Amino acid sequence: MSEQQVLDCTGDTSTCKGGSVIAALRYVAASGGLQPEAAYAYTGQRGACRSVMPNSAASVGAPRWLVSLNGDEGALQELVASQPVAVSVEADLDFHHYMSGVYTGSSSCGQNLNHFVTVVGYGTDGGGQEYWLVKNQWGTTWGEGGYMRLTRGNGGNCGMATYAYYPTMDNS
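The opening residue of the sequence shown carries number 2 in the numbering used here; numbering runs sequentially from there.
Calculated directly from the structure, the hints in this document are not laboratory data. Quick caveat: nothing in here was measured; it's all calculated off a predicted structure. Here a beta-carbon is modelled for each residue, glycine too, at the ideal position from N, C-alpha and C. No false leads were slipped in.
The calculated lysine to any residue pairs, modelled on SDA-like cross-linking and capped at a C-alpha distance of 20 Å, are: (1) Lys-136 <-> Tyr-164; (2) Lys-136 <-> Thr-125; (3) Lys-136 <-> Ala-87; (4) Lys-136 <-> Gly-45.
Label pairs and their calculated CB-CB ranges: (5) Gly-129 <-> His-98: 23 to 29 Å; (6) Ala-24 <-> Gly-128: 35 to 41 Å; (7) Gly-156 <-> Ala-49: 42 to 48 Å; (8) Pro-37 <-> Gly-128: 32 to 38 Å.
Work out the full structure: start from the sequences and follow the hints.
What follows is the structure in structure tokens.
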């Protein structure tokens, strides 16, 4: 689904000063879905909204603004198995400087939730380390092409299994 469409068409988002997950979910619900990434490619800059585009990648119903996960990674895994999920995390200095590998975070990571990322999947690396695949909004020069592999199986590293925000998918 197109991140660029959200950036272009949501009034109160900005590229480096944060944005509103709730505003993004409201837009997605009001517009009936998002275009596929291939049809509305990411440029990293806000542009004019191309709002009248048929064939959305997914139709959505009412957004779920906030679901408290209380560290339940199993609940997060169930959500992520069906769709991308926005979660709040603590983006501390180590998080900012992440380059590659499975990130374990600092011992205090998760005490100050100050950033949103999108959990797009999960897996296990060659050494057996379970991880969440997280997409950040800091561009493709951050992390592994704009993504991070964040340790899974420890109750929600950096607070990521605390709160989830996601649109409910319309199955009609």
